[in-house]
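Participant: Protein sequences, first through last, are from chains L and Y. Each residue of the first sequence is one higher than the last, beginning at 0 in numbering that gives the first Met the number 0. Each residue of the second sequence is one higher than the last, beginning at 0 in numbering that gives the first Met the number 0.
Derived by calculation from the structure, the hints in this document are not laboratory data. Any given hint could be a false lead.
[To be verified] Covered by chain L, according to a simulated footprint, are these stretches of chain Y (three or more residues, beta-carbon under 8 Å):
hint: 1; stretch: 137-143
hint: 2; stretch: 163-172
hint: 3; stretch: 307-316
hint: 4; stretch: 392-402
hint: 5; stretch: 406-417
hint: 6; stretch: 428-434
Just so we're clear, the structure is a prediction, and the values are computed from it rather than from any experiment. Using N, Cα and C, we set each Cβ at its ideal position, and we do this for glycine too.
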Amino acid sequence: MIEIVNLSKSYNRGAVKAVDGLNLKVRPGEIFGFLGPNGAGKTTTIKMMVGLLKPDSGSVTINGYNILEDSLAVKQSISYVPDTPEVYEKLTGIEYLNFMGDVYGVSGTLRKERISALLDLFELGEAVGDLIQSYSHGMRQKIVLVGALLHEPEVFILDEPMVGLDPRSSNNLKNYMRDHCAKGKTVFFSTHILEVAERLCDRIGIIHRGRLIACGTMEELKELSESKETLENIFLELTEK
Amino acid sequence: MKALKLIGLQIKVNFGISALRWHLENDLKRFFGSVGLILLVAVSIGPLFFFYLRMLQSAYDLAGALGQPGVIIASAVVLASLLVLVFGLSYVMSVFYFSKDLSMLVPLPLRPAEILGAKFAVVLLYDYLTAAPFYLPALWVYGVNSGSGPLYWVAGMIIFLLVPVIPLALTSAFMLLLMRLTNLSRKRDTVRLIGLFAFLAILLAVNFSLTAIPAGDERQYLEKILLEEQGLVNYSTRAYPPALFAARALTAGGASALLNFAWFLGISLAGIALVLWLGQRMFYQGLIGASEVERGKVLSREELARKTAGASSPALAIAMREIKYLLRTPIYLFNSLAMLVIVPVVLLIPLITGDGMGSFLSTFQDGVPRMLQILGGAVFTGVMALFTPAASSSFSREGKLFWISQVIPVSPPEQIRGKVIYSLLIAALFVPVVALAGILLLSWGIIDVLLAALAGMVLSLPAITSSLLIDLLRPYLTWDNPQKAIKQNFNVLFGMAAGGGFYFLLYLAGRYVYDNTAALWPVYLTVLGGAALAGLIFYLILIKIAPARYRDIVV
Chain L
0 MIEIVNLSKS YNRGAVKAVD GLNLKVRPGE IFGFLGPNGA GKTTTIKMMV
50 GLLKPDSGSV TINGYNILED SLAVKQSISY VPDTPEVYEK LTGIEYLNFM
100 GDVYGVSGTL RKERISALLD LFELGEAVGD LIQSYSHGMR QKIVLVGALL
150 HEPEVFILDE PMVGLDPRSS NNLKNYMRDH CAKGKTVFFS THILEVAERL
200 CDRIGIIHRG RLIACGTMEE LKELSESKET LENIFLELTE K
Chain Y
0 MKALKLIGLQ IKVNFGISAL RWHLENDLKR FFGSVGLILL VAVSIGPLFF
50 FYLRMLQSAY DLAGALGQPG VIIASAVVLA SLLVLVFGLS YVMSVFYFSK
100 DLSMLVPLPL RPAEILGAKF AVVLLYDYLT AAPFYLPALW VYGVNSGSGP
150 LYWVAGMIIF LLVPVIPLAL TSAFMLLLMR LTNLSRKRDT VRLIGLFAFL
200 AILLAVNFSL TAIPAGDERQ YLEKILLEEQ GLVNYSTRAY PPALFAARAL
250 TAGGASALLN FAWFLGISLA GIALVLWLGQ RMFYQGLIGA SEVERGKVLS
300 REELARKTAG ASSPALAIAM REIKYLLRTP IYLFNSLAML VIVPVVLLIP
350 LITGDGMGSF LSTFQDGVPR MLQILGGAVF TGVMALFTPA ASSSFSREGK
400 LFWISQVIPV SPPEQIRGKV IYSLLIAALF VPVVALAGIL LLSWGIIDVL
450 LAALAGMVLS LPAITSSLLI DLLRPYLTWD NPQKAIKQNF NVLFGMAAGG
500 GFYFLLYLAG RYVYDNTAAL WPVYLTVLGG AALAGLIFYL ILIKIAPARY
550 RDIVV
């Protein structure tokens, strides 16, 4: 469960408002897609949600914990996958996964099971003994995903997760997100791939110039638009203004 | 033309000139922060600089009495050149081969020599910063005292521009060859590291052998150096012969000065030509594929299960992450552990050559109480902990990956404990050097070795925690080659200055206690107690401010 209240963040001493009074609620068991043009404030919002940026005002509460006041409790219950898979290149895949297991406190027995299953899911088993330095962009993205899913987070937050993934891995990730939410957990992700958002998300939020300009199910979004057609048309129409 | 544009761009990027200009126009607070930092560095090395100037003046007076004042120029050129030669190794490797912009530059329609030339220019500019504090004061002291005319100052400044060129050209040529040859190797990182350490060891050995005074003939030899015309200058430049041309160009006068100047200029230009020639032929062959790593064998189900079955504490996991990074990043390993090679070589060479060490050792063995010897050993470990940038660049080295430390559910104090464990382990690597020197040279027993090890760890603690504190306050995370995280990181310098100042205070306290009690135990208690207390205080401050710093730092 995610609750964002009046969240704001500006840069250059207030000259650029990246996020402007954002209010948002994401319920347990929901896949929420966060859309917006480049520079709309998606990544800034996500970074404030996971504790990488301090808001100027407002609050982010995840699973009942405030990110500023109980940051460790929030971090223990979430996972974050950034838009660029910057990871420890000088570690092997398995060393990175063990590191993530250690810091999230995943026991040896659980770790063994989950790593094996996730490596199979993302077809990374053959490369896990190699240095991450030798991985392609997509493989790096996958190892970050596996590391992020090791502790089965209550809330899974992803910034542009499909970029760099091959079609099969992308499909596997989407299925995983569905299964994850079926267990009552939450997925929050930003994307530019509107077809994915349209097909996968229970609800969609569109952010433009730092403000949430639309939020709801596909049906609800269609009501907001004159064309009432695809998400692409709705998106273009709403962000043109 | 393209090459000049590339040099201009590289300088802008590497020295943050564009960023500084942008801050001046848009963010004055950050601009003055950057300028203030540079001023702070200048002020913090001010006392050392003043001390160096006074030393040069005394040297000028002494050498002047022997009719050889030019020795101060010669020595300054030798010192500056050797520093460029030694420090240049990791600079060159990092800037030439591990800069992140190379993947963007190589596909551009540029010749390898053009890219290499631009990179060479960047390292050269850094090297001016290394050479200036040693060379310029000597130029000043000699010029002012000898009442030299305008030509001296003009030639002096041109020579300043040339001083780092030859050593940098030598280092670059060595690195081009090393990277080219080792690119064929399967374990290329390891071989390269061995190459770096071997180069350093050979350099030191050659230096010692060139400047060694023949055993048995010390008296005649010294007389010859002191009384022969330019004997001192000739002797001091034996460690680095091109310095002789520079010194004579500035001090000989007339046609001889001109001729020596021409030689120095000619050798420097030849050095640049050699680097560009080698660069055109070898740069890409060493670069392309340099960061490729060999694919290991595929892990079987059993191996995977075995490797994932164990769990460890977050602090230990962080310490292990740091250790693995150190071992697998040649630049970090070389910078952190170069002292581990230099010190034993420096100790061993005089022992092998019998260069007057016997009498020095016997004086040390008989004249210095065992307790002080042990304390000396411990101080060595502490000082090495201070000079090793393990702690002072600990947060900076994480660079853009600091986001991981910010999002993992491990409290910042716990993460800092991991960094303290790691830094203590690095300091502990110097204990065997102390132990070996103590056992072999001073006949220490096992208790002495253990005492020196324990005291060494205690003395390392304030150096480690104060360095971590400095780096946490203002980590340098936006570097684009690993060398910058260590060598171009002001925090490393501040850490050394602060730790050095603290050790000096400890020395004064120990000295005061000894003068007043004439006993050694109180000295031990003062020095080690002071170090432990300061280490603890710095640590407590660290963990107090860490949560806010981890939250506020923006990568």
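Participant: State for each hint whether it applies.
Facilitator: Structure-based check of each hint:
Evaluation of the coverage hint for the stretch 137-143 of chain Y: breached, as 0 residues show C-beta separations to chain L shorter than 8 Å, against a requirement of three. Check on the stretch 163-172 of chain Y: 0 of its residues sit with their Cβ under 8 Å from a Cβ of chain L, so the three-residue criterion for coverage is violated. A stretch counts as covered by a chain when three or more of its residues have a beta carbon under 8 Å from one of that chain; for the stretch 307-316 of chain Y and chain L the count is 9, and the coverage holds. Using a Cβ-Cβ cut-off of 8 Å, 3 residues of the stretch 392-402 of chain Y lie near chain L, which meets the minimum of three, so the contact claim holds.
Figure legend: the stretch 406-417 of chain Y, annotated as covered by chain L; annotation consistent (5 residues with Cβ-Cβ distances under 8 Å, at least 3 required). Counting residues of the stretch 428-434 of chain Y whose CB falls under 8 Å from any CB of chain L gives 0; the rule of at least 3 is not met.
In summary, the numbered hints that this structure violates are 1, 2, 6.
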